[in-house]
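Asks: With the hints as constraints, model all of the structure from the sequences given.
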Amino acid sequence: MLRTIFKHPSGRIGLTIIGIFVLAALLGKLGITPHDPLMQDRLARLQGPSAQHLFGTDLFGRDVFSRLMMGIGQSFVVAFFSVAAASLFGTVLGLTAAWFGGFWDGTVMRLMDVLLAFPAILLALLIIAIFGPSGWTSVLAIAIVYTPIFTRVVRGPALSLKTRDFVDAARTFGSGRGYIMTRHLMLNLVAPLSVQITLALAWALLTEAGLSFLGLGTQPPYASLGLMLADARNLMEMAPWLLFFPAATVMFAVLGFNLLGDAMRDILDPKTRRALG
Amino acid sequence: MGYAIRRLLVFPVVMFGVSVFVFVAVRLVPGDAIIAMLGTESGLLTPDQRAALAAYFGLDQNWFVQFWRWFSHVLQGDFGTSTTYGKPVLEIILNSFPLTLELALLSMLIALAIGLPAGVFAATRKDKPADLILRIVAMIGQSTPGFVVGLLAIFVLSVGFGVLPEMGSFVPITEDPLRNLGQLILPALTLGTAFAAAVIRISRAAMLDILSEDYVRTARSKGLSDRKVIWRHALPNALIPVVTLSGVEFGYLLGGAVLIEQIFALPGLGRVVLDAIQQRDYALVQGSVLFVAFNFMVVNLLVDLAYSALDPRIRLDKG
Numbered sequence: 001m002l003r004t005i006f007k008h009p010s011g012r013i014g015l016t017i018i019g020i021f022v023l024a025a026l027l028g029k030l031g032i033t034p035h036d037p038l039m040q041d042r043l044a045r046l047q048g049p050s051a052q053h054l055f056g057t058d059l060f061g062r063d064v065f066s067r068l069m070m071g072i073g074q075s076f077v078v079a080f081f082s083v084a085a086a087s088l089f090g091t092v093l094g095l096t097a098a099w100f101g102g103f104w105d106g107t108v109m110r111l112m113d114v115l116l117a118f119p120a121i122l123l124a125l126l127i128i129a130i131f132g133p134s135g136w137t138s139v140l141a142i143a144i145v146y147t148p149i150f151t152r153v154v155r156g157p158a159l160s161l162k163t164r165d166f167v168d169a170a171r172t173f174g175s176g177r178g179y180i181m182t183r184h185l186m187l188n189l190v191a192p193l194s195v196q197i198t199l200a201l202a203w204a205l206l207t208e209a210g211l212s213f214l215g216l217g218t219q220p221p222y223a224s225l226g227l228m229l230a231d232a233r234n235l236m237e238m239a240p241w242l243l244f245f246p247a248a249t250v251m252f253a254v255l256g257f258n259l260l261g262d263a264m265r266d267i268l269d270p271k272t273r274r275a276l277g
Numbered sequence: 001m002g003y004a005i006r007r008l009l010v011f012p013v014v015m016f017g018v019s020v021f022v023f024v025a026v027r028l029v030p031g032d033a034i035i036a037m038l039g040t041e042s043g044l045l046t047p048d049q050r051a052a053l054a055a056y057f058g059l060d061q062n063w064f065v066q067f068w069r070w071f072s073h074v075l076q077g078d079f080g081t082s083t084t085y086g087k088p089v090l091e092i093i094l095n096s097f098p099l100t101l102e103l104a105l106l107s108m109l110i111a112l113a114i115g116l117p118a119g120v121f122a123a124t125r126k127d128k129p130a131d132l133i134l135r136i137v138a139m140i141g142q143s144t145p146g147f148v149v150g151l152l153a154i155f156v157l158s159v160g161f162g163v164l165p166e167m168g169s170f171v172p173i174t175e176d177p178l179r180n181l182g183q184l185i186l187p188a189l190t191l192g193t194a195f196a197a198a199v200i201r202i203s204r205a206a207m208l209d210i211l212s213e214d215y216v217r218t219a220r221s222k223g224l225s226d227r228k229v230i231w232r233h234a235l236p237n238a239l240i241p242v243v244t245l246s247g248v249e250f251g252y253l254l255g256g257a258v259l260i261e262q263i264f265a266l267p268g269l270g271r272v273v274l275d276a277i278q279q280r281d282y283a284l285v286q287g288s289v290l291f292v293a294f295n296f297m298v299v300n301l302l303v304d305l306a307y308s309a310l311d312p313r314i315r316l317d318k319g
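Taken in sequence, the protein lines are chains A and B.
In terms of the working numbering, the first sequence opens at residue 1 and continues consecutively.
In terms of the working numbering, the second sequence opens at residue 1 and continues consecutively.
Rather than coming from a laboratory, the hints here were simulated on the basis of the structure.
Ideal placement from N, C-alpha and C gives every residue a C-beta, glycine not left out.
Keep in mind that a hint or two might mislead.
With the C-beta cut set under 8 Å, the calculated list includes, among others, these residues of chain A facing chain B [said to hold, decoys possible]:
{"no.": "1", "residue": "L140"}
{"no.": "2", "residue": "D165"}
{"no.": "3", "residue": "A169"}
{"no.": "4", "residue": "L229"}
{"no.": "5", "residue": "M236"}
{"no.": "6", "residue": "E237"}
{"no.": "7", "residue": "M238"}
{"no.": "8", "residue": "L243"}
{"no.": "9", "residue": "L259"}
Replies: Following this line, the structure appears as structure tokens:
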């Protein structure tokens with residue numbers, strides 16, 4: 001699978017970018033950064049990029065490169081956990097809705113309709129207002145926003161798979177419905193799900209940055225990409241590097257997942273390729 | 001039963017669900033509405049005054065009573081009174097909505113004006129340098145959050161040209177159209193170019209799809225010029241996915257572009273919702289979120305219906 005993606009040009013670029021970012025995220029989370037991202041140095045405030053501080057320093061003399069690594073770590077953790085939760089809940093809801101049909105299907109799908117009736121960022125704001133701003137609230141908010149989309153992605157194909165002969169065959173062999181759902185249906189849903197997961201990761205990164213930019217995500221003094229952009233707002237004329245490096249970081253991270261998602265869609269699903277290019 | 005009728009029947013059910021959801025969500029927000037409204041002054045209230053205020057805003061009843069009161073009033077067009085502004089909620093919403101609507105229309109216009117020709121152009125030059133460049137630009141555009149584009153735009157303006165976009169005192173279009181446009185053009189460009197990237201991608205893909213159809217080949221073999229084939233025969237069909245995408249985006253924008261309004265200090269609907277949540281202004285959050293969700297659903301419904309009307313082959317029954 002990885003090899004096929006690597007043969008696809010945008011898949012190759014996407015995977016490479018994601019690889020670099022995952023490495024930076026891991027190091028950032030483990031605290032292996034060139035400088036301590038939280039250490040303030042009053043004498044080295046607002047310095048431009050140099051050999052000592054690759055991406056310069058911020059208002060408190062903290063090393064921007066190290067803070068970026070920490071921020072990437074934070075953003076990736078939020079994106080990863082929120083998409084993992086959303087795809088898990090969405091899959092369970094979508095599969096059971098398709099399988100049992102009737103009242104359960106109606107209830108689940110109307111509930112999802114209610115969630116889908118909100119513009120995404122608004123729903124996220126409401127959830128954050130309830131639980132208070134923090135990294136984990138962002139995870140919850142993004143997961144809730146994305147669950148209905150996964151539910152739909154799974155339910156549609158599962159409905160048509162359910163009526164296929166191999167499911168009947170499995171049933172006549174005496175397979176339990178849990179087994180049929182996890183083995184026969186899930187295996188056929190891997191393709192649409194993995195495309196959706198990749199694109200959801202891109203979207204989750206964007207949302208996390210937006211929420212922390214508004215001050216509703218990760219809280220200072222910890223670094224996150226959105227928070228760094230918010231801090232850069234008033235200083236960008238004096239210290240443009242505070243704006244450029246986090247901006248470029250967000251862009252490349254999202255780009256990586258978008259490229260990978262595109263490549264996977266091309267490879268796994270020749271039909272949607274025609275529709276979405 | 002027809003798809004349209006079924007969608008229309010589900011609509012009020014979902015709207016009711018949305019109302020319940022918003023109502024409960026707002027009440028789960030920690031903190032007290034009266035303290036949030038009066039700040040530290042709330043400490044000066046006598047218990048009697050507190051009770052009177054709570055009764056005035058209907059906060060002394062249990063949730064079921066509060067919900068029923070609110071909901072039955074909403075059905076009559078009365079969204080209640082904002083605790084922060086002391087004004088009717090509907091008035092506040094309707095005051096901020098023109099700005100949001102104008103911004104949404106402007107940015108859609110910009111996005112389509114850039115995206116559609118670029119997408120068609122890229123499709124006709126498939127795999128040539130122009131196409132590749134446009135595809136890369138679109139991919140990067142789609143990966144850059146709108147608020148980052150906005151920040152960069154402000155940076156370029158202030159450092160490159162020494163001008164700052166006028167912010168702070170927003171002028172409605174009815175008072176001074178030119179100044180109004182001057183204030184909105186940068187946010188609209190920001191939102192517009194961000195969305196243009198998506199329009200390029202989808203219109204290019206749709207166009208490529210259509211150009212390989214038999215009827216286009218027929219038109220070509222009749223000896224029609226390329227231009228005629230593309231604009232007259234291919235484009236109308238390629239527009240269908242563009243319409244869908246734009247409709248959904250328009251629905252989003254009508255909910256207020258929270259981040260862009262924040263960056264450019266615009267008093268739009270997104271700002272109202274954000275402030276209301278922070279102020280625990282129950283009535284205002286409920287009213288504005290319901291208003292936004294209603295618009296969003298109506299736009300999506302219209303898009304769905306337009307979609308099936310534009311192309312009778314599309315059956316939306318298997319939702």
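Asks: A separate judgement is required for each hint: does it hold in the structure or not?
Replies: Comparing the hints with the structure gives:
no. : hint : in the structure
1   : L140 : violated (13 Å)
2   : D165 : violated (20 Å)
3   : A169 : violated (24 Å)
4   : L229 : holds (6 Å)
5   : M236 : holds (5 Å)
6   : E237 : holds (6 Å)
7   : M238 : violated (10 Å)
8   : L243 : holds (6 Å)
9   : L259 : holds (7 Å)
Checked against the numbered hints given earlier, the structure breaks hints 1, 2, 3 and 7 and satisfies all the rest.
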